[in-house]
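*Asks:* Residue numbers (our numbering), protein chains in the order written: chain A, 1 to 253; chain B, 1 to 253.
Hint data in this document are derived by calculation from the structure and do not stem from the laboratory.
Fair warning: this is a prediction, and the values are worked out from it, not measured in the lab.
Any given hint might turn out to be false.
Stated by the list, open to error - Derived DEER-like restraints, expressed as beta-carbon distance ranges: (1) B/151 / A/22: 36 to 44 Å; (2) B/13 / A/159: 24 to 32 Å; (3) A/158 / B/125: 50 to 58 Å; (4) B/244 / A/121: 53 to 61 Å.
For each residue, glycine too, the CB sits at the ideal point set by N, CA and C.
Protein chains: 2
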Amino acid sequence: MTRPEPTYQLLLDSVEKQLRYGQLRVGDRLPGERSLAETYGISRASVREALRVLSAVGLIRSRSGSGPASGAVVVSEPSDALSWALRMHISTRQLPVADIVETRLLLEGTAAAQAAQTVARLTAQGTEAGNSQGPSQQEVAQKLEQARTYLDQMDQPQLADSDFHLCDTRFHSQISTLAGNMVLDTVIDSLHLATVSYVQEAVPFLADWQQAKQTLQDQHRAIYRAVAQGRPEQAQQAVQEHIRWFYALSHTK
Amino acid sequence: MTRPEPTYQLLLDSVEKQLRYGQLRVGDRLPGERSLAETYGISRASVREALRVLSAVGLIRSRSGSGPASGAVVVSEPSDALSWALRMHISTRQLPVADIVETRLLLEGTAAAQAAQTVARLTAQGTEAGNSQGPSQQEVAQKLEQARTYLDQMDQPQLADSDFHLCDTRFHSQISTLAGNMVLDTVIDSLHLATVSYVQEAVPFLADWQQAKQTLQDQHRAIYRAVAQGRPEQAQQAVQEHIRWFYALSHTK
Chain A
1 MTRPEPTYQL LLDSVEKQLR YGQLRVGDRL PGERSLAETY GISRASVREA
51 LRVLSAVGLI RSRSGSGPAS GAVVVSEPSD ALSWALRMHI STRQLPVADI
101 VETRLLLEGT AAAQAAQTVA RLTAQGTEAG NSQGPSQQEV AQKLEQARTY
151 LDQMDQPQLA DSDFHLCDTR FHSQISTLAG NMVLDTVIDS LHLATVSYVQ
201 EAVPFLADWQ QAKQTLQDQH RAIYRAVAQG RPEQAQQAVQ EHIRWFYALS
251 HTK
Chain B
1 MTRPEPTYQL LLDSVEKQLR YGQLRVGDRL PGERSLAETY GISRASVREA
51 LRVLSAVGLI RSRSGSGPAS GAVVVSEPSD ALSWALRMHI STRQLPVADI
101 VETRLLLEGT AAAQAAQTVA RLTAQGTEAG NSQGPSQQEV AQKLEQARTY
151 LDQMDQPQLA DSDFHLCDTR FHSQISTLAG NMVLDTVIDS LHLATVSYVQ
201 EAVPFLADWQ QAKQTLQDQH RAIYRAVAQG RPEQAQQAVQ EHIRWFYALS
251 HTK
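Could you build all of it, start to finish, from the sequences and the hints given here?
*Replies:* Next up, the structure:
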């Protein structure tokens, strides 16, 4: 708190203020490096440091190949950025993997239950559309359809392991977005992505990865069914069983 | 994913690998900027960009006043860093405050219940010490004592508002660490810190801040009592009531 503020902090604080008061929005382009340096009276090196930090937390994206004169675009992609930061802290051994598992059980269990509630609520409303809060029947149908597509892809025997893990992450992400809480989503995605590399590393050591994939897929379909049929308790249980089994697998190589 | 890797990424990836394989640990000092630039064959500007990113996510701390020859120290302080990143994303309006509230209700409610369970378990064990998992009776007593000290400070009528908010954050943090899950803690602290500035901004608009402070303190003491007496359900309810009331207050200015 008492450390002197580095000069690049000026730019970070200004970006935050502009975002907050709506003077800068997602999709807007920041001025180029030279222009920012002049505006804030700081060096171009400091400007670049601030931009790297904004990029690392998922707030701007630079166009590749574009020179420093054309500015970066404001985005809001917190999950990748937060998961990278969490993964780094897990690497320091200050955040135990067991605590990640416990937290995932709580968050993903809750999200799966809420996703099933969303489906149940829409089913109960039947065709009386129009006055409901939350996602529409069409949106829910699309997300479920997309989740099933990922499962089908994971069934392909020739799918590369890295693509299997990617579809796996996306399947879980589709399910948790049905809960309709973007902050919960962001934290879940971050924790999932933060630990996926540990799972990937464990795969070569597994006695029977083909068999393990089959079990994972059975669990995924149980989660899918419980959510699609609007059964919150079963959805929560299915997700928690899946997470527990997954971690036990990758820690008994 | 297909964007070209900027040169500073080399250093970030290497730091992650070294942390992961225990070649670099919390408390270690990184080499100086010049030395890092030579080792990785990148410019000193790129080294500095990587260091800014590591600092922004709470993984290194530079000693103020020290020259670029003496390296930064490896730390693991995720909460401040993640909360800053979350706050930035809230500023973009892509993460709704209502979702933060829902997520806090879930996480802090669970943490308070688990904190009360920790106390209840230790009380049940009585003086049979030695074989229990989790924090010891002495550790728990210290944390509770510390939490009470923060409450007493908040009772001082001459306390500055900024210090009131600081003690408030620390009180909640002490309670949630009793749950014994560092990842849950980190996420809770990040969400709390990410929204505290919104609460601070609301204060000048409140009709009666003195009265509000009194209500907040009554709620804090109810949380404290439920945890200290080992009553999980009451602890969870007390925290959730507190969070709901707090947000309703800061959104009806």
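*Asks:* Any of the earlier hints contradicted here, and which numbers?
*Replies:* 4
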